[in-house]
Amino acid sequence: MPHDHHDHDHAHALLPPDPALRVRALETLLTRKGLIDPGALDEIIDTYQNRIGPKNGAMVVARAWADPGFRAALLQDATPVVADLGFFGRQGEHIVAVENTEDVHNMVVCTLCSCYPWPLLGIPPGWYKSDAYRARAVREPRAVLADFGVTLPETTRVRVWDSTAEVRYLVIPRRPVGTEGLGVEDLAALVTRDSMIGTGLAREPGA
Amino acid sequence: MTDQIPEPVFTEPWHAQVFALTVHLNEAGHFAWPEWTARFSATLAAHGLARALDGGDDYFTAWLVTLEAFLAEIGEAAPVDVEQLRAAWEQAYLSTPHGDPVHLPEGV
Numbered sequence: 039m040p041h042d043h044h045d046h047d048h049a050h051a052l053l054p055p056d057p058a059l060r061v062r063a064l065e066t067l068l069t070r071k072g073l074i075d076p077g078a079l080d081e082i083i084d085t086y087q088n089r090i091g092p093k094n095g096a097m098v099v100a101r102a103w104a105d106p107g108f109r110a111a112l113l114q115d116a117t118p119v120v121a122d123l124g125f126f127g128r129q130g131e132h133i134v135a136v137e138n139t140e141d142v143h144n145m146v147v148c149t150l151c152s153c154y155p156w157p158l159l160g161i162p163p164g165w166y167k168s169d170a171y172r173a174r175a176v177r178e179p180r181a182v183l184a185d186f187g188v189t190l191p192e193t194t195r196v197r198v199w200d201s202t203a204e205v206r207y208l209v210i211p212r213r214p215v216g217t218e219g220l221g222v223e224d225l226a227a228l229v230t231r232d233s234m235i236g237t238g239l240a241r242e243p244g245a
Numbered sequence: 005m006t007d008q009i010p011e012p013v014f015t016e017p018w019h020a021q022v023f024a025l026t027v028h029l030n031e032a033g034h035f036a037w038p039e040w041t042a043r044f045s046a047t048l049a050a051h052g053l054a055r056a057l058d059g060g061d062d063y064f065t066a067w068l069v070t071l072e073a074f075l076a077e078i079g080e081a082a083p084v085d086v087e088q089l090r091a092a093w094e095q096a097y098l099s100t101p102h103g104d105p106v107h108l109p110e111g112v
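Top line first, the protein sequences correspond to chains A and B.
Just so it is clear: in the first sequence, position 2 is 40 by the numbering used here, and no numbers are missing.
Just so it is clear: in the second sequence, position 63 is 67 by the numbering used here, and no numbers are missing.
It is possible that part of the hints are untrue.
[As the list claims (entries may be wrong)] Derived contacts from chain A toward chain B, CB cut-off under 7 Å, selection only: (1) 79; (2) 126; (3) 150; (4) 243.
Since the hints were made in silico from the structure, they are not lab data.
Note that the coordinates shown come from a computational prediction; the quantities given were computed from them, not determined experimentally.
Where is the CB? At the ideal position from N, CA and C, for every residue including glycine.
With the hints as extra help, turn the sequences into a complete structure.
Structure follows, in structure tokens:
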């Protein structure tokens, strides 16, 4: 949290930026009306800051790699499968898992805003929310992938999935070679956030 | 553009606050999530006309503008009331000695 004017000569409290004051005003008004519970706000922030993140999705991917039955169920209908693991959309959305293969590479965007599988990946990174990514992912996915350092064979088709308020996508990246003996925990460590958005690949073991 | 360097989930406290406020209002049943995303998408599109948004502060600015307008639309936070409280908070910060907790004065 940067403090641009860290000045010890301040006679008064450091004035927050205007948007922060507007958010504070909304909170005050809604709390007074009994519409919100300030404790619930802290709980939501704590959840998204500390308890939900790409580790959840990585565990799902690792299990899909390790367990063919789990993988089949996940690809058929991911929502109940991930709900069983305690990951469910608080906004009631459906989760769809899409699997990368030699022939198809999947990549996820939200062209209209920033819909994202929060329960599995947490809050999206800045670039996912940028106009540049939202516009270019559909128009020139291979160029975007190149920016992320990903080059795919010409024979691999790139499929871009546009998220909505109702449907969020999880990419199941390809399992790296040389991981046959690894358990789920070790496999999960190879699954990066970007590989589950489709702008990256899973790490090679030892990389 | 890679995920090798961990980045903070929220870069400013108010980003987290406005996010949590919106999620909480949705979960408390004040609006459905698709109603939110429809409005938020429209704001992002409008803001993105002038210059490309970078997904940082400008993203949450669009989020806040959307929430203010949505709450005004559904009659839960009139702009005049919000502005009065914003001004009161500003005054409270300016009149509180540095280091002391900031509270709204009695009666505001």
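- Task: Would you list, in rising numerical order, the hints stated earlier that this structure does not obey?
- Result: The structure conflicts with hints 2 and 4, although it agrees with all the remaining ones.
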